[in-house]
Structures are given as structure tokens and as C-alpha cells.
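Residues per chain, in single letters:
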Amino acid sequence: MHIDRLERYWIIAVGVVFGAFAAAIVASVVVFGVHLPSPVGRIDPAKLAESEFAKPGLTQDSEHAYTLRMVAKMWRFDIGSKEPQPTIKLPAGSRLKIVATSLDVTHGIYVERHDVNVMLLPGQISQVEVLFSKPGIYHIICHEYCGPGHQAMIATIEVS
Amino acid sequence: MQQTKPYISTPELTFPKVGFLSAEQWIVGSHVLTGLVALLIGIFLGPFQVFRRAPALKWEIPVFSYYYQALTVHGVLNALFFTTFFIVGFSYFILMRSLKREMWSTKLVWIAYALMLIGLLLVLYALITNQANVLYTFYPSLIAHPAFYLGLVLLVVGTWIVTANLFLTYNLWRKENPQEHLPLAVFATLTNFVLWCVASLGVAIEVLFMLLPLSLGLITHTDPQAGRALFWFFGHPLVYFWLLPAYTSWYTMLPKQANSKIFSDPLARVSFILLMIFSIPVGVHHMFTDPGVSAVMKGIQTVFTFIVAVPSLLTAFNVGAMLERAGRNRGAKTPFDWMWKQDWKNPVIAAQISAMLLFITGGVTGIMNASLTLNIALHNTSWIPAHFHQTLGGAVTLTFMGICYWLIPMIRGRGLYSVKMALWQVHTWSIGMMIFGYTYGAAGLIGVPRRTDLGAAPYINPEAVPYLNMSIISGVLLLISAILFFINMAGTMLLSKKQLTEEAPIDTYVESKSPLWMEKWGLWLSIVGILCVIAWAPVFLEVVDFTHGFQIPGYSPNGGLYKP
Ligand code: HEM
Ligand SMILES: [Cu+2]
Ligand SMILES: [Cu+2]
Numbered sequence: 000m001h002i003d004r005l006e007r008y009w010i011i012a013v014g015v016v017f018g019a020f021a022a023a024i025v026a027s028v029v030v031f032g033v034h035l036p037s038p039v040g041r042i043d044p045a046k047l048a049e050s051e052f053a054k055p056g057l058t059q060d061s062e063h064a065y066t067l068r069m070v071a072k073m074w075r076f077d078i079g080s081k082e083p084q085p086t087i088k089l090p091a092g093s094r095l096k097i098v099a100t101s102l103d104v105t106h107g108i109y110v111e112r113h114d115v116n117v118m119l120l121p122g123q124i125s126q127v128e129v130l131f132s133k134p135g136i137y138h139i140i141c142h143e144y145c146g147p148g149h150q151a152m153i154a155t156i157e158v159s
Numbered sequence: 000m001q002q003t004k005p006y007i008s009t010p011e012l013t014f015p016k017v018g019f020l021s022a023e024q025w026i027v028g029s030h031v032l033t034g035l036v037a038l039l040i041g042i043f044l045g046p047f048q049v050f051r052r053a054p055a056l057k058w059e060i061p062v063f064s065y066y067y068q069a070l071t072v073h074g075v076l077n078a079l080f081f082t083t084f085f086i087v088g089f090s091y092f093i094l095m096r097s098l099k100r101e102m103w104s105t106k107l108v109w110i111a112y113a114l115m116l117i118g119l120l121l122v123l124y125a126l127i128t129n130q131a132n133v134l135y136t137f138y139p140s141l142i143a144h145p146a147f148y149l150g151l152v153l154l155v156v157g158t159w160i161v162t163a164n165l166f167l168t169y170n171l172w173r174k175e176n177p178q179e180h181l182p183l184a185v186f187a188t189l190t191n192f193v194l195w196c197v198a199s200l201g202v203a204i205e206v207l208f209m210l211l212p213l214s215l216g217l218i219t220h221t222d223p224q225a226g227r228a229l230f231w232f233f234g235h236p237l238v239y240f241w242l243l244p245a246y247t248s249w250y251t252m253l254p255k256q257a258n259s260k261i262f263s264d265p266l267a268r269v270s271f272i273l274l275m276i277f278s279i280p281v282g283v284h285h286m287f288t289d290p291g292v293s294a295v296m297k298g299i300q301t302v303f304t305f306i307v308a309v310p311s312l313l314t315a316f317n318v319g320a321m322l323e324r325a326g327r328n329r330g331a332k333t334p335f336d337w338m339w340k341q342d343w344k345n346p347v348i349a350a351q352i353s354a355m356l357l358f359i360t361g362g363v364t365g366i367m368n369a370s371l372t373l374n375i376a377l378h379n380t381s382w383i384p385a386h387f388h389q390t391l392g393g394a395v396t397l398t399f400m401g402i403c404y405w406l407i408p409m410i411r412g413r414g415l416y417s418v419k420m421a422l423w424q425v426h427t428w429s430i431g432m433m434i435f436g437y438t439y440g441a442a443g444l445i446g447v448p449r450r451t452d453l454g455a456a457p458y459i460n461p462e463a464v465p466y467l468n469m470s471i472i473s474g475v476l477l478l479i480s481a482i483l484f485f486i487n488m489a490g491t492m493l494l495s496k497k498q499l500t501e502e503a504p505i506d507t508y509v510e511s512k513s514p515l516w517m518e519k520w521g522l523w524l525s526i527v528g529i530l531c532v533i534a535w536a537p538v539f540l541e542v543v544d545f546t547h548g549f550q551i552p553g554y555s556p557n558g559g560l561y562k563p
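Protein chains in written order, with numbering that gives the first Met the number 0: chain A, 0 to 159; chain B, 0 to 563.
The shape of chain A in the complex, shown without the other chains:
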């Protein structure tokens, strides 16, 4: 099969560019420590009351480390308070571990300005860690359609 000279150069260039992209991804993981959500376990949503999600909310693990247990449900983030759009407060420099699942349908969380983007599925536990280095107000937004109340499914993180 004949391949034109210029086309051959093009194919090589494409190969090189994709090699570079792949290297950049590897670097983002190895050098910059970006982590993708990975499996941490399953959970039966009918048995949340007998699990670590029995009492959702914020707990402090050490001076700068916190854990937020959260149950997404139609149509709010349950972190232990009754408010429809709850708020949690953290000091700047806190490392927050979010452990979350869904009670009913597919939801998701996106935290403004931070590398948090994960699906919440009933039956699966999602876990991500994030550092809040700057003071500010950051919203947790449900980013997967979950029914008529989806657009109001928001929580707030106040970092002071």
C-alpha cells in the first residue's frame, strides 16, 4: 500500500503528539498526584442505618483533617442537618475526605474550584480527598440529573 511522503510525516507527528499527551497524563498522576475516583466498596442503600452512613456529617480526624460522610437523596445532600441546602464550615488549610453514597438514584458531586468530581450511585461508596487551602465559599453541586428537584441539590463549604 502506497503512503505519500507528507502523509507519512503526518502520521509520525500524530504518534509523537499522542505520546506526549499520554506522558502528560502519567505525569499528572505520578508527579502532581491527581487521583481518579476508584472503588472503595459497595453498600446496600436499604441498610444505611447499620453502616458508617447512619449518622452523616462532618467529623474531625486530626488538626487539619476532616471527614464528611454524606448521603445524596432526592433532592438534597444529607450531612446530618435538616436544611435543604446545608453548609459546613472548615478552617483554611483543611484536608477533607468526602465519603458519600446515594440512597436512591444516580447523583454526583462537583466542588467549585477544586478537583472533586465524582458520581454517587446507589450501591457504591464514593471517596475523594481535597485540600481547601484558600478561604472562600465553595458550593457542592449535584451534577447528574436526578429528577425534578435536581437543580436545587446544592450544599456549601465555607472555608475561613
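Watch out, some of these pointers could steer you wrong.
[Said to hold, decoys possible] Derived lysine-lysine pairs resembling BS3-like cross-links, with alpha carbons at most 25 Å apart:
| # | chain 1 | residue 1 | chain 2 | residue 2 |
| --- | --- | --- | --- | --- |
| 1 | A | 46 | B | 562 |
| 2 | B | 419 | B | 255 |
| 3 | A | 133 | A | 88 |
| 4 | B | 562 | A | 72 |
| 5 | B | 419 | B | 496 |
| 6 | B | 332 | B | 255 |
FYI, nobody ran anything at the bench for these hints, they're computed from the structure.
Owing to the predicted nature of the structure, the values given are computational and were not obtained by experimental measurement.
Given chain A, put chain B with the ligands in place with the hints provided.
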């Protein structure tokens, strides 16, 4: 050698130089026009979604005033029904014209059409009666009315029958003409339907064994993570099923329309083979943020995703070189002026070149989405609709519109109603989609979610507000463009008195020594199968809970548990 053919079952057809045989007219016409009706319903909701999401307007969507109902209609009718009907009609046209024969069975053509049409009606019923607001990805554990799933099943079964008919037609032709050169357009169409059939197994299993039985009340539980894996096994190749007919037009029809020649026929075939093989083991790139899939599988499918981008870049070169030749024929002299020296006054050409330009941003943003860690910044933000309105809404739909500008006149046997209107349509569409891409992309980077009724949301990031308001311009342009398109189509069907002058831009077969190994469909299928096992078997082993089975009950998209 004409006399010694042993297998003759359908007579060779002699097509008119200009215009259609009535067999073509009915078969191609009914599919393409049904597709356009689906598009007509779906497309007009798009601009109103933009208006609803813009803080300056927050208009309620007319007709389907409930936002998520409108969005489901928009996604399902545009992305699933318009595309499929159009592609099936276009593919029949390619096979019949290129191989100069009727389809293997005309009866099967109509059986498949009837199934797909009933499918469309069932889905429309469920959507209009507000019982299927599950969006076009219908993730469990949201459960829709059974008519919705039944309609999808009929659509897919219809396309399987179409595939059988296409391959049987090709087989008969191959037996009668063992040495002849298979036209590239036919080759591309066959690869596309191989890809489609393999891909649709995923969604067929999801609908038949998880969603439909739950919707009917035969089972009570489901598994969202397994459902998503089955859907995306199908969902990524689905985007190639839309794209390959556009490539087919760029490779095999645009050269004739632009008075040029294809640059490399063998490399085009290699591209189609690569697209067929590598579009399947990549769907996990839609699940990078899923909790149930391991990072290793996400990494492996990222690599395959980069590989499947290669044939598209080969296509860019191949088609670019063809266009350069067209520009040189029209007097281009300097390295780059061939781009402007195209026949921009011909809407068929203008649409396709504009589609390619949109595909540049579509492709680049796609590679960004596929980049594993970068995806965390982009997933489920409005960046994603920005991306796929450059690819599906831009490259694919605008190419299909360009095809309509010659195909609908042939179906009707009259000239295009208005060339000028068509040119305005093309330019408003491409500028509209660019602005849509820019504004929605920028808003997405700031964190505006997709699939969200922002008009009713208690919070929108203030930084994103200017972009969302700017997107109104794109909504207006695209609304105008859509209106111009449908006026022109209706005008061509009903009002045009112009003479048809254009010929069908189709190669018929000629004797040659083109490599027959490319038609080893069994070999390609085995490679696809092996890659599927490597890329997908570990994913399914991870996501299916073998000890507990399904544990999640179904929920109604309008709230509460689902009741059959
Ligand atoms: C008139 C031009 C169009 C405009 C202004 C438009 C606008 C939009 C907008 C704003 C969204 C996102 C809504 C949201 O995420 O909440 C959307 C989603 C979508 N559009 Fe379009 N669109 C247009 C044409 C098309 C065409 C031609 C197609 C396909 C052939 C298409 C396919 C889709 C799909 C598949 C979705 C995703 C739906 C979902 O997230 O469930 N659109 N469109
Ligand atoms: Cu939601
Ligand atoms: Cu994909």
C-alpha cells in the same frame, strides 16, 4: 462475463443520470424524511434550553414546559431517532446506487422501517405523557414507562434487520462480482453497521434484562453501576455510528461535488477499519468519575481512546489534501489560500467544510475529555454539551444538512428551493455553534453543571453569568438557522418548480485490484471481540455484584419509588 453469473437474483438497475428511480425515492425518502421530522421536534427545543438556562431570560420552554421533559425529547429525538433514520436511509442509498442493484429484500426494508417507526411513536407517547423524563441516557435506577424501552428495542431491532439486509445485498453482489472493486462508500457503510451491531449488544442487554423487566414489574431491583457500563459499551461507538456517514460523505462525495479527487483510497479504508475496531474498547472514558470502575481500567481505555483518535487525524489529512486539490483547481497559489478558494457559494460544499471546521474544536475538546485526569475538571459540566454540539451538532448534523441539500431535491425530483437561504442557514449554524461552544465551554470550566434547569436553580456561579447570557446569541442564531433549514426542506418538497440538475455524487464499482483482504469481515469481528474482552471483561467483573445481584429498587423520574 455478465452472462456467466450464477447467482443472479436481482436485475442490475440502470439509474437515471439525474434523479432517482422510484424504488430509491420511496426507500431513501421515507427514512430520511422521518428522520427530519424527528429532528424538527427535537431541534427547536435546543435554543429554548439555552434561553431557559440564561439568567437574563429564564424563559419557560414552550410546549414541553417542564425542563427535563424537553431535554429528554431533545436528546432522544435528535441523537437517537433523527440520526438513525437518516443514516439508515443514506446507507440504503449508498448501497443501491454504488452496487447498481436493489436491496436484497425490499420487504425487509419496510419491515425494519415499520419497526423503527412504531418505536418512534411508542417513545413519543411515553415522552409526551410525561412518563419518561429519564434523558437520552436513561440511567437506572430512574425508570420510565415500558413504552419508552419498548420503542428503543424496536428501533435497535430495526437496525439489526437493516444490517442483515445491507450485508446480504453486499454478499450477493460480491458473489456475482468476485474481482471487482468495492466502492469506498459501501465499504465505509458496512464498517459502520458492523460497529453498530456490536455496540448495540450492550444497550440491548441493558434494556432487555434490566430496564424493561423492571419497568413492567417483572423484577424489582437493578444496578446503576452495571447499567452505566452496559450503556457506555454502546454509547461511545454510537458517536462513531453518527460520524462515519459524515466521513463517508467527505471522503467519497465531497470530492465530486468540489471537483477534486480522493487523496488516498486505501488509507481511507484503513481509517474506517481502525474506527470500526477501536471505537468499542473505549466507552469507560465516559465513566472516569464512576466509583465502581478501577483506575487501571480507566487508564487502559484512555490509551485505546487515543488510538481511536488516530484514524480521525488520518481523515483530516486525507480530506484536507483533497480540498487543497480542489482549491488549486480553482486557482489557489499560496500555501494556505486553497481554503478560501473553495466553492463557498454551493451550500452542499459550504456545509461540509464548515462542519469540518467545527470538528476541529470538537476533536480537540474530545481529546481533552478523554485525558483521564483532565476529565475531573470537565465531567458533567456544560463543557460537555459544548463539546458534542461541535461534533454531533456541528460536524455530523451540518454534514447531514449539507447532504439534505442535494438528497432531498433528488427525492423530490426538483431543484433546491433556495440556494441563498441554504447558505444563510449554513453560516448561521456554524457561527451559532461556535458561540455556543465558546460560552458553554467557558461556563463549564467555571463549574456550571449540564442537564440542569438553571432557570429554577437557587444558585449559579456569578462568574458564569456573563457567559450564559452571551449564549443567548447562539440560541438566536441557531433558532434562525433551524427555521431556514426546515423552510427550505418544506419548500423543496412542496413548492419548488426548479429543474433538478445535479447528479448523485456516487461511485459505482469498477474492476480493479483493490486489496480484498480489507473485506475479511470475520477477521475484523474477531479482533473486535478480542479487544472487547480485554477492555470490557474486567470492567463487567468489577461492576456486577455476583454475590448479591441487583439491590437497588427503581425510582420514578417524577419522584418516589417506581410503580409499574
Ligand atoms: C438548534 C441548535 C441546538 C441548540 C441551541 C441546542 C442546545 C442544547 C443545550 C443548551 C443542551 C444542554 C442542556 C442541559 O445540559 O441542561 C443540549 C443538550 C443536548 N443536545 Fe442540543 N442543541 C441544538 C441542536 C442539537 C442537535 C442538532 C443535536 C443532535 C443531533 C443535539 C443533541 C443534544 C444532546 C444529545 C444533548 C444532551 C441531552 C442530555 O444531556 O441529556 N442538539 N442542547
Ligand atoms: Cu442531581
Ligand atoms: Cu466517547
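Against the structure, the hints:
no., hint, in the structure
1, 46/A - 562/B, "holds, 22 Å"
2, 419/B - 255/B, "holds, 21 Å"
3, 133/A - 88/A, "holds, 13 Å"
4, 562/B - 72/A, "holds, 18 Å"
5, 419/B - 496/B, "holds, 16 Å"
6, 332/B - 255/B, "holds, 21 Å"
Hint compliance for this structure: every hint is met.
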